[in-house]
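All chains, please: the whole structure from these sequences, using the hints.
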Amino acid sequence: MQRRNQTLLAMLLAGAWGAAQAGTVTIESWRVDDKTLWEDVLIPAFQKRNPGITVKFSPTTPTEYDSSLTARLTGGTAGDLITCRPFDKSLDLFKKGHLEKLDGKPGMEHFPAAAKVAWQTDDGKDAYCMPMASVMHGFLYNKKIFKELNLTPPNTVDEFFKVLGTIKQTGKITPLALGTNDQWETNQIVFTGIGPNYWHGETGRKALIAGQAKFTDPQFVAALEQMSKWTPYLGKGFSSQTYADSQNLFAMGRAAIFPTGSWEIAYFNQNAKFEFGAFPPPVQKAGDKCYISDHTDIGMGVNPKSKNKDDAYKFLAWVGSQEFADLYTNKVTGFFSLSNHLIAVKDPVAKQMLDWRKRCESTIRLNAQVLNRGEPNMETELWTVGSQVLNGKLAPKDAAGRLQSGFAKWYKPQQKS
Amino acid sequence: MKRAIPWQAVVFLLPALLIYSVFSAFPLLDTLRLGLFATDETGAQHFAGLANFKLLLLDPQWSDGFWNAMWNNLKFFGIHMLVQNPIGLLLATLLSVRGLKWARTYRTLIFLPTLLSVVIVGFIWQLILSPLWGVGERLMDWVGLAEHFQPWLGEESSALITLSLISVWQFIGVPMMLIYAALLAVPEEVIDAAVVEGASSWRIFWEIKLPLIYPTLGLVTILTFVGNFNAFDLIYSVKGALAGPNYSTDILGSYFYRTFFGYQSQIGSPTMGAAVATMMFLVILCGVAIYFYAVQRKLQRYAL
Chain A
210 MQRRNQTLLA
220 MLLAGAWGAA
230 QAGTVTIESW
240 RVDDKTLWED
250 VLIPAFQKRN
260 PGITVKFSPT
270 TPTEYDSSLT
280 ARLTGGTAGD
290 LITCRPFDKS
300 LDLFKKGHLE
310 KLDGKPGMEH
320 FPAAAKVAWQ
330 TDDGKDAYCM
340 PMASVMHGFL
350 YNKKIFKELN
360 LTPPNTVDEF
370 FKVLGTIKQT
380 GKITPLALGT
390 NDQWETNQIV
400 FTGIGPNYWH
410 GETGRKALIA
420 GQAKFTDPQF
430 VAALEQMSKW
440 TPYLGKGFSS
450 QTYADSQNLF
460 AMGRAAIFPT
470 GSWEIAYFNQ
480 NAKFEFGAFP
490 PPVQKAGDKC
500 YISDHTDIGM
510 GVNPKSKNKD
520 DAYKFLAWVG
530 SQEFADLYTN
540 KVTGFFSLSN
550 HLIAVKDPVA
560 KQMLDWRKRC
570 ESTIRLNAQV
580 LNRGEPNMET
590 ELWTVGSQVL
600 NGKLAPKDAA
610 GRLQSGFAKW
620 YKPQQKS
Chain B
474 MKRAIPWQAV
484 VFLLPALLIY
494 SVFSAFPLLD
504 TLRLGLFATD
514 ETGAQHFAGL
524 ANFKLLLLDP
534 QWSDGFWNAM
544 WNNLKFFGIH
554 MLVQNPIGLL
564 LATLLSVRGL
574 KWARTYRTLI
584 FLPTLLSVVI
594 VGFIWQLILS
604 PLWGVGERLM
614 DWVGLAEHFQ
624 PWLGEESSAL
634 ITLSLISVWQ
644 FIGVPMMLIY
654 AALLAVPEEV
664 IDAAVVEGAS
674 SWRIFWEIKL
684 PLIYPTLGLV
694 TILTFVGNFN
704 AFDLIYSVKG
714 ALAGPNYSTD
724 ILGSYFYRTF
734 FGYQSQIGSP
744 TMGAAVATMM
754 FLVILCGVAI
764 YFYAVQRKLQ
774 RYAL
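As they're listed, the protein sequences go chains A and B.
Here the first sequence stands for residues 210 to 626, where the numbers follow the numbering used here.
Here the second sequence stands for residues 474 to 777, where the numbers follow the numbering used here.
These are calculated hints, taken from the structure and not from any lab test.
These numbers come from a predicted model, not from an experiment.
Do not take every clue at face value.
Said to hold, decoys possible - Residues from chain A that face chain B, not an exhaustive set, calculated with beta carbons under 8 Å:
| hint | residue |
| --- | --- |
| 1 | ASP275 |
| 2 | ASN364 |
| 3 | THR365 |
| 4 | ASP391 |
| 5 | GLN392 |
| 6 | ASN586 |
| 7 | GLU588 |
| 8 | THR589 |
| 9 | TRP592 |
Unchecked claim - Restricting the straight-line Cα-Cα distance to at most 27 Å, the calculated cross-link-like pairs of lysine-lysine (DSS-like) are:
| hint | chain 1 | residue 1 | chain 2 | residue 2 |
| --- | --- | --- | --- | --- |
| 10 | A | LYS602 | A | LYS618 |
| 11 | A | LYS415 | A | LYS625 |
| 12 | B | LYS548 | A | LYS621 |
| 13 | A | LYS353 | A | LYS371 |
| 14 | A | LYS298 | A | LYS314 |
| 15 | B | LYS548 | A | LYS602 |
| 16 | A | LYS618 | B | LYS527 |
Don't be surprised by glycine CBs; every beta carbon is placed ideally from N, CA and C.
Here it is in C-alpha cells:
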C-alpha cells in the first residue's frame, strides 16, 4: 500500500517517466539551464568513447529537485546517476541508502581532499558523490556604464557605496539588479556572498557549528547591516522583481551591477551586448584579507537501485577524467571543475573570478553544512529573513535574533547559555 | 410483494460508481488514513494517531504557518464574496435587461478570461503590474494617477488583495452566467402581473426576481467557497510555493504543497501533508454542511 502510494506520487511528479532500461543511463539533475550543453556537448563526447551506451539528461527545476528526487528514490523510479547537492542534502540521501559508496572507484583519485569534503560522511570515512564543480559568488558589472561614469570596481565597502551613489545620481540606471520576489538570492547570493568578509570565511562558519559564535554576534549582524543599506540602490518595485527580471535588467544595460555568481557568465556571454567584468565582495578596510564564497556546488553519485550500474560507473569514471574537466569548465562557463587536472580557462571573466582564489580565502555558503539539519529549516529562514531585511521590514538586529532563536531551538551546541 | 432487484440500474450505475470509488472515494479515504501516520528518519511510516494534527494545530512551528494560511484563505474567500458575486449579479441583471444591444458580445467577452489557463492569467497580470516592464504604470499615468502606482504584488500589505482581485477578474464569468440563466428562468407571467399591479422595476428586482434566484446565489456561494479553499494555482504561478513576501499570500493550497511535496531544501512529508489535506477537507466539509443545513433547506420554499 505504502509502496504503491509512493510510486504513484513519484510517477505523478516525474510525469511520464519510464523506469531506466539496461543500456540507458539516466542522469538526475537540477541544472535545467545546462540541458542543451549536456545533450549537445558532454553526452556526445562520452558516447564517442563508449559507443552503445545511451545517456539521458533529465533535469528538474532547482526548487523542486530535492523533494521530487527524494520521492523518486523512495519510489524506485529515480535515474541511474544522481547529481548531488553539497553536504547535508546528499549526506541525508546516503544515510537512507539512496547513494552508493564511491571509495576507490575509478575517477575518484583525481580529486583533492578539500573538494571531496562536501560529499563525505562527517568522519570522512565514506565518499558517496564524485565532486564535479564549484561556483563562485561575486558581482558582475557593466564595463560600459562604469567607463562612462568614470568608475572603477570597488575594493572596500565605502568605495562600494560611493560607486552605488554615483550610479544612482544619474537617475537613469539602476545601481543594483536585485529583487526580493524569489527570495533565494537574498541568502545564497547576498548574505553568504558578502558575509564571509565579516565572519572571516571558514573561521566564522566553523564557530557557528562549534557553538562558539551566535548569529547575534557583531560579525553576523554586520553582514545583515550592509544588506539593509542596499535597499535605496535597488530598482523601483524591487519587492516584486524576480531573478529573471534582474537578469534582464542587467542584460539590457539598465542596471550597472548584478550581485550573482559565476554561473551567470555563460548567460551574459550570450545575452549581453556590452563588455562585463567581475569584482569580489568588498572588504571592510583597504588591505583586509578578502574571503569569497567558493561553493562546492555539484557532485555526482550512483543510485544503488540502478538497473545499469556498470554503465553508470563508466560514465562516472569519465566525469573524473581530464576531458570532462576541460569540457565542463570551458563549455559550462562559470562552473569550475574540482579535479586536479590542469585546465586552461578560456573565458576572460571566468578566469578573472578563478584568480580570486589566489588572493582571497575560499569558504562555502554559510549554512550548507550541518546548519540545515533541523527545524525550522535554516535555508528557508535565511530566505525569508534576508528578503525582509532588504524590504526594510526587519531591522538587522531583529533578523539576527530570529535566526539565532530558530537555530538554538534544535541545535544542541547553541543551547548552552 | 417482493420487488425484483432493478438489475438494469445496477449495471448502468456500476461504471460510474467504480470510477468514482477508485479515483475519488478511495484516495480521499487513504488521505485521511495517511494523516494518522508519521514518517521517521529512515522514511518508514508508522501509526501515530492524532500526533500530526496536534503538531499542526498546537506546535508554533507548524501552527503559525497553518493559521496564517487559514486566515489568508478566509480573506481570499471574503474578497470573492464581496466583490466577485455582487458584480456578477449586477452584470447578469444588466445583461438580462430586455432589448440590450450587444448582450451576447458582452457575455462572451466577460466570460473569456475564465477559459484561460490560470498560469497564463498569472503571468499576464504579473507583467501588467510589473514596475519594470508593466503597462500598469503608463496606463495610470494617462489618467494622472502615476504617483499612486505601487508594486502591488510585491508588498505584504497588498499582495493578497491584488491576487484575489486578479482571480475575481478571471472567474467573474461563472457567477454571471449562472445568475443570468436563473434570471432568464423567472416566469414572465409573474413579472407581467407585478407590472400590472404597478410595481416599479426596482421593486420587481428586490421582491420578485431576487428571491426567485436565491437558490442560484446559494449555489454560487458554495462554489466560490469550495473553489477558494482549494485554490493554489494562481498563488503558485505568481508568487511561487513560498507565497511571499513573508508568507503574506500563503493559503491552504500553497501550505499543503510545501508540506506534501516539499520546496527547495524542505523535504516533503506525505504524512504531514495528508494531515493538512485532511484539515482542508474538514474546513470544506463544514462549509458545505452549513450550506446544506442552514441555507439549502430554507431555500426549498422559494423553488418553483
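Structure-based check of each hint:
| no. | hint | in the structure |
| --- | --- | --- |
| 1 | ASP275 | 6 Å, holds |
| 2 | ASN364 | 30 Å, violated |
| 3 | THR365 | 30 Å, violated |
| 4 | ASP391 | 7 Å, holds |
| 5 | GLN392 | 6 Å, holds |
| 6 | ASN586 | 5 Å, holds |
| 7 | GLU588 | 4 Å, holds |
| 8 | THR589 | 6 Å, holds |
| 9 | TRP592 | 7 Å, holds |
| 10 | A/LYS602 <-> A/LYS618 | 24 Å, holds |
| 11 | A/LYS415 <-> A/LYS625 | 17 Å, holds |
| 12 | B/LYS548 <-> A/LYS621 | 40 Å, violated |
| 13 | A/LYS353 <-> A/LYS371 | 18 Å, holds |
| 14 | A/LYS298 <-> A/LYS314 | 22 Å, holds |
| 15 | B/LYS548 <-> A/LYS602 | 22 Å, holds |
| 16 | A/LYS618 <-> B/LYS527 | 19 Å, holds |
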